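**Q** Listed here are the chains, written in short residue letters.
There are 2 protein chains.
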Amino acid sequence: MRPTIEWNKNKVIMIDQRKLPAEETYWECIDYEQVAQAIEKMVIRGAPAIGVAAAYGIGLGMMNIKEDDNRASAFDIIYSRLEKTRPTARNLFWALERMKKIFQKNQNRSLSELKNTLLKQAQALEKEDLETCQQIGSYGADLVKDGERILTHCNAGALATAGYGTALGVIRSSFKKYKDIKVYASETRPFLQGARLTCWELQRDRIPVVLITDNMAGWLMNKGEISMVVTGADRISSNGDTANKIGTYTAAVLAKENNIPFYVAAPLSTIDFELQNGDQIPIEERDPDEVRKFGEAFITVPDIEVRNPAFDVTPASYITAIITEKGIARRPYHKSLSEFK
Amino acid sequence: MRPTIEWNKNKVIMIDQRKLPAEETYWECIDYEQVAQAIEKMVIRGAPAIGVAAAYGIGLGMMNIKEDDNRASAFDIIYSRLEKTRPTARNLFWALERMKKIFQKNQNRSLSELKNTLLKQAQALEKEDLETCQQIGSYGADLVKDGERILTHCNAGALATAGYGTALGVIRSSFKKYKDIKVYASETRPFLQGARLTCWELQRDRIPVVLITDNMAGWLMNKGEISMVVTGADRISSNGDTANKIGTYTAAVLAKENNIPFYVAAPLSTIDFELQNGDQIPIEERDPDEVRKFGEAFITVPDIEVRNPAFDVTPASYITAIITEKGIARRPYHKSLSEFK
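Sequence lines, in order, name chains A and B. Residues 1247 to 1587, numbered by my numbering, are exactly what the first sequence covers, in order. Residues 1247 to 1587, numbered by my numbering, are exactly what the second sequence covers, in order.
The hints are simulated quantities; they were obtained by calculation from the structure and are not laboratory data. Careful, some of the hints might be misleading.
Copies of one chain are not kept apart here, so a pair can be met inside one copy or by any two copies together.
Claimed, not checked - Below, a list of computed lysine-lysine pairs in the PhoX-like style, where the Cα atoms sit at most 20 Å apart:
(1) K1539 with K1265
(2) K1265 with K1312
(3) K1572 with K1587
(4) K1423 with K1257
(5) K1373 with K1265
(6) K1422 with K1347
(7) K1581 with K1361
Please read all numbers here as calculations on a predicted model, not as lab measurements.
Turn these sequences into a full structure, and let the hints guide you.
**A** Take a look at the structure:
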């Protein structure tokens, strides 16, 4: 398998995550609009991965400008298109802001130097994300014991990042360290990232994994079959409130009720230090047909009213610890997270 | 639409609930084995409805015996087949036991009288179930206020009973009484009773309904968009612990955490007075392919390990009240339920 996302001969190439695990096909982008659409349509998803994609989107968009074009206005158009793709994940904006700084610093150099510098920055961001995940994995494994039965929701794996994963990074590192680790993957309706992506990723790495529907985790916790929870994050406010895939709040409440630790694994690029709390995080509401359909077939009355929030916010009080590349943060997060800033 | 289940010209006819809402087709049984398979395959489902089906299964099985057959051994064979169909719902066993008493009392009468008496009993049980649901609805509506936003899980509606429904009976009666009632139906993976059946039923009755995935209810409670929960039940032990569709426990924990009332609506035939608590309720584990597939297509790695418990048990401590046809029971349920016995 090729990486989740890569730069290859003036193209950005991504594995098409909508088709997995049935088909391993690739989405090739020759302009930034295709990158923007890939993010919107969830060809690529996962907060760190869409950050990398946005950076490559800038790189690709600027690669195509001509000597006579107005660089600043070209940059703004590309930037504006990419920042409108999805609203919740902090990493998207974080990556775009980093690219903007590089642009501003280098915009008066020769066009080829500018293009090269932007591309190098996007590639650096990809490499950095992989290393970050490995550090998260290493810190996180310290919180895991042998024999652990770990629930994870959605996919915070290699597919959600430049590689290795955040929550699945913790699981990968734990699996290297211990003999007896087993993962419960909740399927994660409506997009089925758990069933389609997490099961596929973990099975390829021969990490034992059990698939459950989203409504089963609570009962398995109550029966003592799940001993901890680890998820990724899309945006964390400065007080530790965490937006992540819809269903994460539910898993956190269930963990608290059953005295099971609930961990969030995320790079510092996911933390939005400008937000005081989770109420300020914008929550994307997606197409109702994602809920009404499974593949192309309607599973309900076709014109039924639907709610489809893609994320929820887990209050910091439910989160046992936040695992970052600089170490493990505990309550009060306002203090512990700012120390990693 | 014809009833959920009916006796018609020496056949038992049921709407095929696996095909709804895409197709309205009927499953016709000319022998008890077809009734048993209908229960196993979930052509018919819902605790009260499978109780009625089992009673008709006895009636149909005995209708086909001949003058020379050994009545008692024929009855035992039919009874044994039907009682092995599904393990959790109390109503199945309750209905079979009622049919057995009628058989024992009438087995020495003429064969045509015996057949007629058993059929009449099954029909009486169907009629009684409909009336019971209407009484549950009437009592339950007293717990509902105008403006209520009601979460229900799975389908405890007309399709799960002889008609009107238990949880949906409460909703139907409330909708008659008040102007502003809205229902949130969780889709109920893996079998999608919420998406397929509850949405279909409520839309036909013009009761406003919003479809959500199972992992959204918690977040909507937290945001104040859901104000109460009402579900059905498959078996209630004498202390009030309630087995119901997988995911019910999760909804109850979320309701408690968000200070929202959580109601169970069920006929007294669902109560197993011989069980002291929910640990004694057998929980059915169904075919893993129900989780691996959606329709005929795999949604995950085909050989992935799966858990598929069809029910969970909600401890009585999470249940605000149990709505029965004789009135509303509150904690301690051991006392309040036994008064309705």
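**Q** If the cutoff is 20 Å on CA atoms, where do K1423 and K1257 land: within, between, both or neither? Let me know, please.
**A** Classified as neither: same-chain Cα gap 38 Å, cross-chain 62 Å, threshold 20 Å.
**Q** Using 20 Å as the alpha-carbon threshold, which applies to K1422 and K1347: within, between, both, or neither?
**A** neither (39 Å within a copy, 62 Å between copies)
**Q** Tell me, please, which holds for K1265 and K1312 at an alpha-carbon limit of 20 Å: within, between, both or neither?
**A** neither (36 Å within a copy, 58 Å between copies)
**Q** Please sort K1539 with K1265 into within, between, both or neither, judging by C-alpha distance up to 20 Å.
**A** Both. Shortest intra-copy (16 Å) and inter-copy (15 Å) distances satisfy the 20 Å Cα cut-off.
**Q** My question is about K1581 and K1361: at a cut-off of 20 Å on alpha-carbon distance, are they close within one copy, between copies, both, or neither?
**A** neither (39 Å within a copy, 78 Å between copies)
**Q** With identical chains treated as interchangeable, where does the CA-CA distance between K1572 and K1587 reach 20 Å or less: within a copy, between copies, both, or neither?
**A** within (9 Å within a copy, 62 Å between copies)
**Q** How do K1373 and K1265 come out at 20 Å by Cα distance, when the copy is not named: within, between, both, or neither?
**A** This pair counts as neither: shortest intra-copy Cα distance 25 Å, inter-copy 50 Å.
In this structure, the hints that do not hold are numbers 2, 4, 5, 6, 7, in rising order.
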